[in-house]
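Residue strings, one per chain:
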Amino acid sequence: MRRFVHRLYKRKVALISVVALVILYGGMLFAELISPYEHTTVFEDHAYHPPNVSMYSDELGFRPQVQKTALVDESNYRYARIADSHIPVKLFVKGPEYKLWGLIPMDLHLFGTTEPYEGTLTWEDGGQNYPVYLFGADNLGRDMFTRILYGSRISLTIGFIGIAISLTLAIILGGFAGYYGGVTDWTIMRIAEFFILIPGLYMILFLRSVLSRDMDSGQAFIIITIILSLVGWPGSARLVRGLVHSIKREDFITAAQLQGVPPLVIIFKQIVPQMSSILIVSITLGIPGFILGETVLSYLGLGIVDPAVSWGSLLNREVTSLSNLTSFPWFLYPGLFLLVTTLAFNFLGDLLRDVLDPYYREKSG
Amino acid sequence: MRHLVELIQRVGRPLYYFKAKHPLAHFIAARGVSMVVILFVLGFAVFGLMSLTPGDMVDNYVRSQMLMQSEFRQSDNVYSEEAIEEVKTRLGLNLPFYEQYFQWLHQVFVERDLGRSLISRAPILFLIRDRMVNSLILNLISLFFLTIISFGLGIYFSSKVGTPLDIGATFTALFLHAFPGILLLILLQLFAAVSGLFPITGYPDFPFREAPTRFVFSYAHHIILPLIGAFLSGIGGTMRMIRATMLDQLGRPYITSLRSRGVPERRVYLAHAFRNTLNPFITSSANLFASLFSGSLILEIIFSYPGIGRLMYEAVRQEDINLVLANIMFISFLILVGMVVADILLAMVDPRIRYGRQ
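From first to last, the protein sequence lines are chains A and B.
Counting in the working numbering, the first sequence tops out at residue 431, every number present.
Counting in the working numbering, the second sequence tops out at residue 375, every number present.
Derived by calculation from the structure, the hints in this document are not laboratory data.
Where is the CB? At the ideal position from N, CA and C, for every residue including glycine.
Be careful, since some hints might not be right.
Here are the computed distance ranges between Cβ atoms for each label pair [claimed, not checked]:
id, chain 1, residue 1, chain 2, residue 2, range
1, A, 85, B, 229, 50 to 60 Å
2, B, 210, A, 130, 51 to 61 Å
3, B, 115, A, 172, 30 to 40 Å
4, B, 222, A, 174, 52 to 62 Å
5, A, 230, B, 173, 34 to 44 Å
6, B, 297, A, 176, 46 to 56 Å
7, B, 173, A, 282, 52 to 62 Å
8, B, 211, A, 124, 28 to 38 Å
9, B, 334, A, 176, 33 to 43 Å
10, B, 210, A, 315, 35 to 45 Å
11, B, 161, A, 78, 33 to 43 Å
Taking lysine-lysine and the BS3-like style, the derived pairs with C-alpha atoms no more than 25 Å apart in a straight line are [stated by the list, open to error]:
id, chain 1, residue 1, chain 2, residue 2
12, A, 314, A, 335
13, A, 160, A, 134
14, B, 177, A, 76
15, A, 134, A, 156
16, A, 78, B, 177
Throw the hints in and build the complete structure from the sequences for me.
This is how it looks when you write it as structure tokens:
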């Protein structure tokens with residue numbers, strides 16, 4: 067652990083990655099509090115609205131603020147700024163009501179405006195406040211920043227859940243294969259090879275097409291995770307099998323066997339802890355794969371769909387069409403978050419591998 | 018029991034002789050057999066899944082069949098349960114899935130007919146053949162460039178190990194390896210659209226027959242960006258691997274002995290260390306080939322390249338059951354062939370594989 071922290075300070079990229087991940091996961095945990103709205107909050111007259119937060123104007127001086135706009139070109143969604151109509155952005159304002167973590171009812175949001183959107187009603191009176199678009203608005207006038215934060219709940223957790231399922235499968239099957247050898251080994255490894263040989267994405271597409279199209283978001287999330295882990299487990303199973311195979315010959319395993327400890331207990335209590343460091347590495351390096359798998363499916367419109375939101379569904383093909391991207395480049399912000407996450411996991415995994423994996427270090431000289 | 022073992026040994030004895038006499042031929046035959054078995058099991062699983070899951074696909078299929086047959090056709094497209102059951106029985110959809118599977122196999126191999134697409138009504142063989150050629154061309158070109166350039170760079174940087182240049186290259190490789198492929202492709206297409214230097218689609222808009230020469234140039238122009246995309250997302254991983262194996266080999270005693278005998282450094286790199294890096298590369302290039310297919314799914318969809326991946330995607334979107342079936346079997350077949358070829362190449366390059374564990 068101490069060596070890890072030391073190396074972390076020496077390698078600035080990994081340090082930045084850790085910080086980025088902490089920020090991202092913090093944002094995910096407090097999504098409702100940090101985001102100014104809910105992911106379904108629609109501002110009808112502000113579809114495709116560009117980011118509107120600025121730090122300076124003659125009217126208000128230096129402070130975060132929002133300038134009011136009016137829709138001038140309805141077919142191309144061009145907005146004109148209205149002179150002298152700046153609204154200050156304030157911290158901890160009242161917004162739409164929500165339950166933090168599904169438990170604590172609140173209506174405080176980290177930032178927002180206090181002026182009403184249309185008419186005279188603010189959030190407290192049942193109306194809406196003028197929108198703050200940190201990252202612009204999507205095709206229905208929903209705040210992109212809010213949607214990215216809410217979307218991270220799926221995008222950032224699917225990696226962990228997926229890797230948990232696939233690693234459990236890999237440890238059980240790979241462990242059995244390595245420990246028992248012989249026929250068990252042969253059978254399990256043939257099954258694993260079978261799964262490796264099938265082209266992953268095509269299998270996912272096929273499975274997704276066989277399963278019914280109209281599912282609610284929870285079902286879709288579970289199905290996607292299971293499909294992705296089914297495609298992902300054989301690689302780790304091979305790794306686990308090889309490790310178990312070599313650890314099996316150690317003296318302490320023989321000692322345990324002679325004492326009559328049942329095989330399952332030996333695998334989980336004696337062998338698995340021995341390879342925990344390598345498993346940690348493969349977890350870290352495996353997570354981005356799951357995140358990208360979900361993104362690809364949702365991009366193709368076969369994954370998470372409205373009203374649920376994930377980074378993949380924000381990048382959905384129909385929304386991020388070429389014409390949309392050229393005129394509304396802020397639609398790529400979810401991609402930026404995706405990029406930061408995958409890069410961070412990879413850099414961190416690379417460092418972990420250097421620190422934890424003795425075999426790899428020898429190899430890279 | 019003992020008799021049985023003896024019998025098996027006696028029957029298998031020619032096989033053992035064969036293996037001892039022609040290890041390579043035996044190896045190739047064994048890989049071929051395992052490929053056929055895997056394909057068979059895959060088809061079995063696909064049909065099983067299709068009948069086990071409560072999908073809309075089979076229903077859609079039945080409905081589309083009913084539309085075609087005049088005796089069942091209803092103007093309002095509403096059918097009675099009995100009529101649907103009747104058609105299902107007639108199409109053999111009420112049979113257990115393994116019987117359906119054998120029917121399908123019979124249809125494919127004996128009657129040489131893959132059926133017709135439900136949507137476009139075109140024969141599936143015709144659809145797949147065109148698309149498959151396109152996909153193969155694209156993937157082979159990109160595999161070719163990827164191999165050459167990553168070998169060149171990997172060997173070059175392994176000779177510069179420890180210098181700032183090498184550190185920079187390693188970092189770049191990791192960065193490219195970690196970069197989400199889908200985002201890269203979207204950005205490349207956006208670049209094409211904004212700059213206007215490249216076409217935003219991956220395929221010329223006129224057929225080959227119309228103007229062959231012009232087609233070739235236009236094709237080259239169209240696939241530059243898709244190729245760059247495939248190249249950038251592949252190079253990180255392969256270059257890292259080649260560099261790591263080169264370093265691994267360079268640390269071995271035989272390299273020291275070569276150097277001590279005064280063998281030129283160039284020869285040490287290119288004739289000795291390099292030859293040994295081929296081995297892991299071929300193993301992984303089979304996976305690379307497979308991943309190129311998977312990767313080119315997204316690529317084909319984004320750049321609207323008429324390849325087999327896009328065909329599959331469209332079939333899934335339109336719930337075209339015949340096409341999906343034929344497609345997944347064909348793609349698996351292609352990838353398996355790629356893997357078997359890689360295995361055989363590996364066995365030719367490295368005799369240890371052939372004689373030892375398979």
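The hints, checked one at a time:
The hinted window of 50 to 60 Å between residue 85 of chain A and residue 229 of chain B holds, with their beta carbons roughly 56 Å apart. At about 33 Å, the beta-carbon gap between residue 210 of chain B and residue 130 of chain A misses the expected band of 51 to 61 Å. At roughly 57 Å, the beta carbons of residue 115 of chain B and residue 172 of chain A sit outside the given window of 30 to 40 Å. Checked against the given bound of 52 to 62 Å, the beta carbons of residue 222 of chain B and residue 174 of chain A, roughly 56 Å apart, stay inside it.
Roughly 41 Å separates the CB atoms of residue 230 of chain A and residue 173 of chain B, a value that falls within the hinted 34 to 44 Å. The given range of 46 to 56 Å is respected by residue 297 of chain B and residue 176 of chain A, whose C-beta atoms sit roughly 51 Å from each other. In this structure, residue 173 of chain B and residue 282 of chain A meet the distance hint of 52 to 62 Å, their C-beta atoms being roughly 53 Å apart. Take residue 211 of chain B and residue 124 of chain A: their Cβ atoms lie about 33 Å apart, and the range 28 to 38 Å holds.
Separation of residue 334 of chain B from residue 176 of chain A is about 40 Å and conforms to the stated range, judged on CB atoms against 33 to 43 Å. Remark: the range hint 35 to 45 Å for residue 210 of chain B to residue 315 of chain A is contradicted by a beta-carbon distance near 59 Å. Roughly 37 Å separates the CB atoms of residue 161 of chain B and residue 78 of chain A, a value that falls within the hinted 33 to 43 Å. For the suggested pair residue 314 of chain A and residue 335 of chain A, the alpha carbons sit about 13 Å apart, so the restraint of at most 25 Å is met.
Our distance criterion of 25 Å between C-alpha atoms is met by residue 160 of chain A and residue 134 of chain A, whose separation comes to about 20 Å. For the hint linking residue 177 of chain B to residue 76 of chain A, the alpha-carbon distance of about 22 Å falls within 25 Å, and the restraint holds. Simply put, residue 134 of chain A and residue 156 of chain A have alpha-carbon atoms about 16 Å apart, close enough for the 25 Å limit, and the pair holds. In summary, the hint linking residue 78 of chain A to residue 177 of chain B is supported, as the alpha carbons are separated by about 23 Å, within the 25 Å threshold.
When each numbered hint is compared with the structure, violations occur for hints 2, 3 and 10.
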